[in-house]
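Colleague: Chain by chain, the residues:
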Amino acid sequence: MSIEVRGLNKKFGDFVALDDVDVTIPTGQLTALLGPSGGGKSTLLRIIAGLEKGDSGSVNIEGTEATHLPPQKRNVGFVFQHYAVFKHMTVAKNVAFGLEIRKRPKDEIEHRVQELLKLVHLSQFSHRLPSQLSGGQRQRMALARALAVEPTVLLLDEPFGALDAKVRKELRDWLRRLHDDVHVTTVFVTHDQEEAMEVADEIVVINEGRVEQVGTPDQLYDEPANDFVMSFLGEVTHLGGVSLRPHDVEVESSPHHAGSIEGTVSRLVRIGFEVRLTVLTVDGEEVSVVLTRTHARALGLEEGSTVFLTPAAGATVIPRMAVAG
Amino acid sequence: MVSTSTPTKWALRAVAVGYVFFLVAWPVGLLIRRTFEGGLTNLTDALTDSNVVSALALTGKVAVAAVLINLVFGVTISMLLVRYDFPGKRVLSALVDVPLSVSPVVVGLALVLVYNGRDGWLGTGLEDNGISVIFATPGLVMATCFVALPLVIREVVPVLTEIGDEQEQAARSLGANAPQTFWRITLPSIKWAVVYGVVLSLARSVGEFGAVKVVSDNVAGKTQTATLSVEKSYQNFAQGEAYAIAFLLVMVCVASLIVVALLRPKVHD
Numbered sequence: 001m002s003i004e005v006r007g008l009n010k011k012f013g014d015f016v017a018l019d020d021v022d023v024t025i026p027t028g029q030l031t032a033l034l035g036p037s038g039g040g041k042s043t044l045l046r047i048i049a050g051l052e053k054g055d056s057g058s059v060n061i062e063g064t065e066a067t068h069l070p071p072q073k074r075n076v077g078f079v080f081q082h083y084a085v086f087k088h089m090t091v092a093k094n095v096a097f098g099l100e101i102r103k104r105p106k107d108e109i110e111h112r113v114q115e116l117l118k119l120v121h122l123s124q125f126s127h128r129l130p131s132q133l134s135g136g137q138r139q140r141m142a143l144a145r146a147l148a149v150e151p152t153v154l155l156l157d158e159p160f161g162a163l164d165a166k167v168r169k170e171l172r173d174w175l176r177r178l179h180d181d182v183h184v185t186t187v188f189v190t191h192d193q194e195e196a197m198e199v200a201d202e203i204v205v206i207n208e209g210r211v212e213q214v215g216t217p218d219q220l221y222d223e224p225a226n227d228f229v230m231s232f233l234g235e236v237t238h239l240g241g242v243s244l245r246p247h248d249v250e251v252e253s254s255p256h257h258a259g260s261i262e263g264t265v266s267r268l269v270r271i272g273f274e275v276r277l278t279v280l281t282v283d284g285e286e287v288s289v290v291l292t293r294t295h296a297r298a299l300g301l302e303e304g305s306t307v308f309l310t311p312a313a314g315a316t317v318i319p320r321m322a323v324a325g
Numbered sequence: 001m002v003s004t005s006t007p008t009k010w011a012l013r014a015v016a017v018g019y020v021f022f023l024v025a026w027p028v029g030l031l032i033r034r035t036f037e038g039g040l041t042n043l044t045d046a047l048t049d050s051n052v053v054s055a056l057a058l059t060g061k062v063a064v065a066a067v068l069i070n071l072v073f074g075v076t077i078s079m080l081l082v083r084y085d086f087p088g089k090r091v092l093s094a095l096v097d098v099p100l101s102v103s104p105v106v107v108g109l110a111l112v113l114v115y116n117g118r119d120g121w122l123g124t125g126l127e128d129n130g131i132s133v134i135f136a137t138p139g140l141v142m143a144t145c146f147v148a149l150p151l152v153i154r155e156v157v158p159v160l161t162e163i164g165d166e167q168e169q170a171a172r173s174l175g176a177n178a179p180q181t182f183w184r185i186t187l188p189s190i191k192w193a194v195v196y197g198v199v200l201s202l203a204r205s206v207g208e209f210g211a212v213k214v215v216s217d218n219v220a221g222k223t224q225t226a227t228l229s230v231e232k233s234y235q236n237f238a239q240g241e242a243y244a245i246a247f248l249l250v251m252v253c254v255a256s257l258i259v260v261a262l263l264r265p266k267v268h269d
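Quick mapping for you: the protein sequence lines, in order, are chains W and E. All the letters of the first sequence, read from the start, carry residue numbers 1 to 325 under the UniProt record's numbering. All the letters of the second sequence, read from the start, carry residue numbers 1 to 269 under the UniProt record's numbering.
Since the hints were made in silico from the structure, they are not lab data. Be careful, since some hints might not be right.
[Stated by the list, open to error] Computed list of lysine to any residue pairs in SDA-like fashion (alpha-carbon distance at most 20 Å, straight line): (1) W:K87 / E:K191; (2) E:K191 / W:P130; (3) W:K53 / E:N177; (4) W:K87 / E:T186; (5) W:K93 / E:M79; (6) W:K87 / E:L160; (7) W:K73 / E:E168; (8) W:K118 / W:Q132; (9) W:K73 / E:N177; (10) W:K87 / E:P188; (11) W:K53 / E:G164.
[As the list claims (entries may be wrong)] Residues from chain E that keep clear of chain W, each with C-beta distances beyond 12 Å, as calculated: (12) S3; (13) V17; (14) G39; (15) E127; (16) F135; (17) V219; (18) L248; (19) V259.
If you're wondering where the values come from, they're calculated on a predicted model, not measured in any experiment. For every residue, glycine included, the Cβ atom is placed at its ideal position computed from N, Cα and C.
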C-alpha cells in the first residue's frame, strides 16, 4: 500500500480542516480526493506532500515514515492549481530544476528533459519563458517538472481548476492516458464529480474534514454510503421516502405499477434532447424528473398533465435521511 | 480613464512642471552652472585638494559598507516579515519604519549616547578593547545604515508578498532545501526590487548629513565625509569647492538611476 494516513487531525484556528482521517491510497493507481470546497481535501494533499503539518496523526509513503520529513525529502511530485511555474526560467530549465538540485550529469538532464517535454507535447517550446505559454501548456510543463524527479507519488491540487472548460476536458483525458503510460501512484484533488468519475480508478469522498466513502466510481455511484455521497455525485430527488436520481424516476400517464404515486406536472423545461419536469405529487412532494425528449413526447406531457411516478427497476435508491438535501 | 477637458489637462501639466522646476530643476541647474562658472577650475581645484579627495573616498567607503550591510539585513528582515509568523512581528515592522520618521540628528545623538567612548553604555567596553565607534568610521557606517534601513525592506516586502510562496513550495517539493530555494527561486524573483532598494540606499547613504554630522568630529582627512566637507567649504567661503563637491554628489545619484534604467528589462511581468 502506497500512502497510508492514520488519525490525521488539522485545525486552522477554530476551523477543523481534518478530523481524525484514515485513508489508504493504493500503489500505481489514479485516486481522486473529491469533495466540496473547504472540505479538507487540499489540506490532506498538502500534508501528504509535507507542505503543511498535521496537528496529530501519521503519514507513511511507500513504507517510509514521512510524518516529520521536510517536503524535499519525501520524493513526491506536486502540481499546483495555479501552476507555480518558475517565471524567470525557460520551460526546459523549469523541467530540469529537480534534476539539477540532485546534481545529475548534464547530458543525462538534457536527455531526460527532452524526453519529458516530448511526453507533454512541449518540445518546440523548450526555450520559451512560461509567460509565453497558455494556461494548459503551463500546467503540462508543471506536470513534466514534477515527473522529472521520478517521484514515488504524484500529487495534483485541483490541477485543471484554473483552465477553461474545453482545455480542462482535453487535459483530463490526457492525464488519464499519461497515467496509463507512466503508472506512478497519482492523487488528485477535485471538486468536480464528473472529473473524478471520468479519470480516477478510485475516489475518496471528503466532506467537512471527514472521509465519507472510498470506492471505485461505479461503487460510489451505485452504492453511495449516505445521502451526502449520493447528492454530491449527481442530482438527487425524493420520491415516497427514498432518494434517487431524477433520471431513475419512471413516468407513466396511467397507473400501471402498484405503488405508483400520482402527481401533476408543474413545470416542464426542455434542454436539447432532455426534458426536465417538476412534478407536484398528491402527497405534496416536489419531485424532479429527467427523461428524453422522445419519451416525453410519446407520453404527451405538458404542464398540468397528470402523471404516475415509480422508481425505475434497477435504480440506485437509498432511504431518505433527516438531513437530505 | 476619465477624460478631462483640454484646458484642464494643460493647466495640470503646467502646475506639475512648474512645481518640479522651481523646487528641483532650477536650483540644481544653478548649482551646476556655478560649478562650471570658471570652466573646469572648480572641479580640478577640488579634486587636487587632498582633504576633498579623502572626504569623497570616506563617503564612498561608508556608503558601500552601509549598503552591503543593509542589503543583507534588509533582505533577511523582508523574508522574515513576509514568510514567517512570530510574536512581535508587527512591532518589528513598525520599528523598521522609524528611521523614515525620526530626524537623522536624533539618530546621531542616540548612537552617541550608546556608543561614545567616555560614558556610553556599550561604547566604554568597546573603547577598552581598542574599538572606537563614535568619531570614527564605524560610527559613520552605523549612522548611515540606520537612516537607510527601511529603503531595501520597503522595496522588497511588497514584491515578496505579491509573488507568493507557491514557487518556493514547488521548489521544496522538487528537492531543494531552504538555501537552494532562496538562491535559485526567491532571489531571482525579487532581483529588481533588491536593485532598486540598493540604488535608493546608495543615494541616501551618499547624501546623508544630519546623523553623520553628530557622530563625526569633522576632522578633514579623517572623519569628514563629502557632505560635511561641502558644509565646511561653504562656511569657509570656498564656494567654488562646495559647488564642485555638491555637483559630484548629484552625479553619483544620477549615474545610479541611469544604470538601473539601462539594466532594467523592457518587458516586466
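Colleague: Does each hint hold? Answer for all of them.
Modeller: Hints versus structure:
The straight-line distance between the Cα atoms of K87 (chain W) and K191 (chain E) is roughly 12 Å, inside the 20 Å bound, and the hint therefore holds. Only pairs whose Cα atoms come within 20 Å are accepted, and K191 (chain E) paired with P130 (chain W) is accepted, the gap being roughly 18 Å. Pair hint K53 (chain W) plus N177 (chain E) holds up; C-alpha atoms about 17 Å apart against a cutoff of 20 Å. Between K87 (chain W) and T186 (chain E) the CA atoms are separated by roughly 11 Å; this keeps the pair inside 20 Å, and the hint holds.
A C-alpha spacing of about 25 Å is found between K93 (chain W) and M79 (chain E), which places the hinted pair above 20 Å, so the restraint is violated. Between K87 (chain W) and L160 (chain E), the direct Cα distance comes to roughly 14 Å. Compliance with the 20 Å bound is thereby established for this hinted pair. Among the hinted pairs, K73 (chain W) with E168 (chain E) is consistent with the structure: their alpha-carbon atoms are about 15 Å apart, no more than 20 Å. Distance hint between K118 (chain W) and Q132 (chain W) is fulfilled; the C-alpha atoms sit about 18 Å from each other, no more than 20 Å.
For the given pair, K73 (chain W) sits about 9 Å from N177 (chain E) by alpha-carbon distance, which is consistent with the 20 Å threshold. The hinted pair formed by K87 (chain W) and P188 (chain E) meets the criterion: a straight-line CA distance of about 9 Å does not exceed 20 Å. Restraint check for K53 (chain W) and G164 (chain E): the C-alpha separation of about 19 Å stays at or below 20 Å, so the hint holds. Separation of S3 (chain E) from chain W is adequate, the least Cβ-Cβ distance of about 32 Å exceeding the 12 Å criterion.
Chain W leaves V17 (chain E) outside its interface by the beta-carbon criterion, the shortest separation being 36 Å against a cut-off of 12 Å. No beta-carbon of chain W comes within 12 Å of the beta-carbon of G39 (chain E); the shortest separation is about 49 Å. Here E127 (chain E) stays apart from chain W, with its beta-carbon at least about 46 Å from theirs, past the 12 Å limit. At roughly 46 Å from the closest C-beta of chain W, the C-beta of F135 (chain E) stays outside 12 Å, upholding its exclusion from the interface.
Residue-level check passed: V219 (chain E) sits 48 Å from the nearest beta carbon of chain W, beyond 12 Å. The beta carbon of L248 (chain E) sits about 36 Å from the closest Cβ of chain W, which is more than 12 Å, so the claim that it is off the interface holds. Every CB of chain W lies more than 12 Å from the CB of V259 (chain E), the least distance being 21 Å, so the non-interface label holds.
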